[in-house]
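For reference, the chains in residue letters:
2 protein chains.
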Amino acid sequence: MTVLALDAHGGDQGLDVSVPAALSALKTDEELSIILVGDGNKMERLLADVPVGSRERIAIQQADAVIAMDAKPADVLRRGKGSSMWRAFELVTEGKADACISGGSTTAMMVLGVKLIGTLPGIQRPALMAYVPSIKGRTGLLDLGANLNVSARQLVQFAVMGSVTASVVEGVERPGVGLLNVGHEHSKGHKLVREAHAMLKALPLNYLGFIEGHDIFNGKVDVAVCDGFAGNLILKASEGLAGMMIKDLKASLIETWLSRLGAFLAAPALRRLLARRDPSSHNGAPLLGLKGVAVKSHGGADCKGMTCAILEAGREARKQVPKKIEASLHKYHLETT
Amino acid sequence: MTVLALDAHGGDQGLDVSVPAALSALKTDEELSIILVGDGNKMERLLADVPVGSRERIAIQQADAVIAMDAKPADVLRRGKGSSMWRAFELVTEGKADACISGGSTTAMMVLGVKLIGTLPGIQRPALMAYVPSIKGRTGLLDLGANLNVSARQLVQFAVMGSVTASVVEGVERPGVGLLNVGHEHSKGHKLVREAHAMLKALPLNYLGFIEGHDIFNGKVDVAVCDGFAGNLILKASEGLAGMMIKDLKASLIETWLSRLGAFLAAPALRRLLARRDPSSHNGAPLLGLKGVAVKSHGGADCKGMTCAILEAGREARKQVPKKIEASLHKYHLETT
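Chains A and B are the protein sequences, given in the same order. Final position of the first sequence in my numbering is 320; the numbers increase by one with none missing. Final position of the second sequence in my numbering is 320; the numbers increase by one with none missing.
FYI, nobody ran anything at the bench for these hints, they're computed from the structure. The reader is advised that the hints may include incorrect statements.
Identical chains blur together in the list; that is why a pair holds if it fits in one copy or across any two.
[Unchecked claim] Below are the DSS-like pairs computed for lysine-lysine, each with C-alpha atoms no more than 30 Å apart in a straight line:
no. : residue 1 : residue 2
1   : 274       : 314
2   : 274       : 233
3   : 171       : 98
4   : 79        : 171
5   : 25        : 203
6   : 119       : 230
7   : 79        : 184
8   : 203       : 230
9   : 25        : 307
10  : 230       : 184
11  : 203       : 184
12  : 174       : 233
13  : 302       : 171
14  : 302       : 174
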């Protein structure tokens, strides 16, 4: 049985999403059990009608406070103790859970990941990897906001961690890894990416060299690596653009009675497309480089999205991603900072 | 009459796109005249059937070589002289043209912009600003690949140059300017953006503070500022994502006979949407910070796209964008490096 600790108050909608998502994850993955961390009374009420089979695999861990979405690192450390997120991470440290999940503040998760779970040898701060849809399926994009000023060595560590995760969790054989840059040629980009490029070429990864922004979506690579500043901007710009395009399309399809009829007829195909490309089905971004598994769910995730993040945490714990990352960092002599 | 020098061999399709685009621009803007720079014989042949009215406003400037798309800066300087791009820039320097346009290598354009046209006081290298569609209309995004390691002062210069251009060329009153960062809060981001943020707040621009990636598309700002590394990745990622989504949609609409019928009925509305959002209608990225006007056309631009870039160059020259940028840099004490 894989035990997950879920920060039930993380995410914009708190218990209303996390409790149903936990139940849905338990239904999908029968080898999971979940510790719901948060307001025990409220959660008990929400669990009143749950059938015994599922209820047996749910434990409740009382936590009285919630870490605010805009809490600064110092606040998290000073006042976070006893909060639902803190407790969820602590359960991993105590060996009572194999992984934790939260839809709360990324900053707070980074801070607690380092403080409570600890980083692997050679890793200063964890990297956040999200999955984005691509023509081929999906691409792991890291880092996403946690590491703004990175060294070439850190970019190389990101590449190794992304590659291990894609291979172990996604089952991709020899994942193709690309380093994001302003051009494909060796001479392009600043000193940092050129240094990382040279180091990556020397490793026995399936390193495909420099890639450009569009290569994230065209299936060229399984893992795309960049610093956390660029990664965060790319991810949010992509979310914004996709949102605008879908809004545009919807507005266009109700423009005339003819287009409305057309939309009605094409609706099943369009719905299948939206389901295939639904970002919530890719929700669940692991914090890589920690000694344990911690998965970030999008703050605005719905029940389906949160369920995906929970299942992702289960897979990563079961496949022992941290151990495998540690072994690879050691093998590639990246276990020093 | 505004005189433009067009590098007729710039862009993937060379004369086949640039000559028809020049003719189309002349038709749209009757105050333009164009110097086509390139292979004179070939161009004469393409112009054989052009009516006298248009032909009178076309001059031909012979140039025997073309700068390769992957030419390094040193190659451009050493061997570029006499090429179509070099000659087009030179015509601006010589005062024979008010602006130049090329669909060739961005690197080469940067190099020749600095060498032949020269930068304004306080500007080391020009910034490249592209227009991307937004819910409100379009957003100017700069810098795009030219400046990879920027200072806070350079980010501030980008903001001023983008604001002046949006106001003068687009006619936006007090354009809203945002600085791209990983969060909206003052404490977010690395030292560089926080420094630039503090400097921007002190200027009488309509500075709206930090923005995130999605704000590029949601109409929050008219100008979005970032370093050239992040800007290039964002732009290309957006192009890649939009391409994937349109491909997806097309595939989805031919999935079943019902969806095909639906697509047929909705086609006029969908075509209007595509026309409204067509990236080629936003083609034409000015190199800002030069003493003269130079506009970069997308390498893969079709005739419509190249026409837009030519018209953009005409507008910028007529509105004397470089002079107005110079005045603003001076006013804001940004005319030292």
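Going down the list of hints, with the structure as the test:
no. : hint       : in the structure
1   : 274 to 314 : within (17 Å within a copy, 54 Å between copies)
2   : 274 to 233 : neither (45 Å within a copy, 45 Å between copies)
3   : 171 to 98  : between (38 Å within a copy, 21 Å between copies)
4   : 79 to 171  : neither (48 Å within a copy, 34 Å between copies)
5   : 25 to 203  : neither (47 Å within a copy, 39 Å between copies)
6   : 119 to 230 : both (24 Å within a copy, 13 Å between copies)
7   : 79 to 184  : neither (40 Å within a copy, 49 Å between copies)
8   : 203 to 230 : both (28 Å within a copy, 16 Å between copies)
9   : 25 to 307  : neither (38 Å within a copy, 62 Å between copies)
10  : 230 to 184 : neither (42 Å within a copy, 33 Å between copies)
11  : 203 to 184 : within (17 Å within a copy, 42 Å between copies)
12  : 174 to 233 : neither (44 Å within a copy, 41 Å between copies)
13  : 302 to 171 : neither (37 Å within a copy, 34 Å between copies)
14  : 302 to 174 : neither (36 Å within a copy, 38 Å between copies)
Comparing the model with each earlier hint shows violations of hints 2, 4, 5, 7, 9, 10, 12, 13, 14; every other hint is respected.
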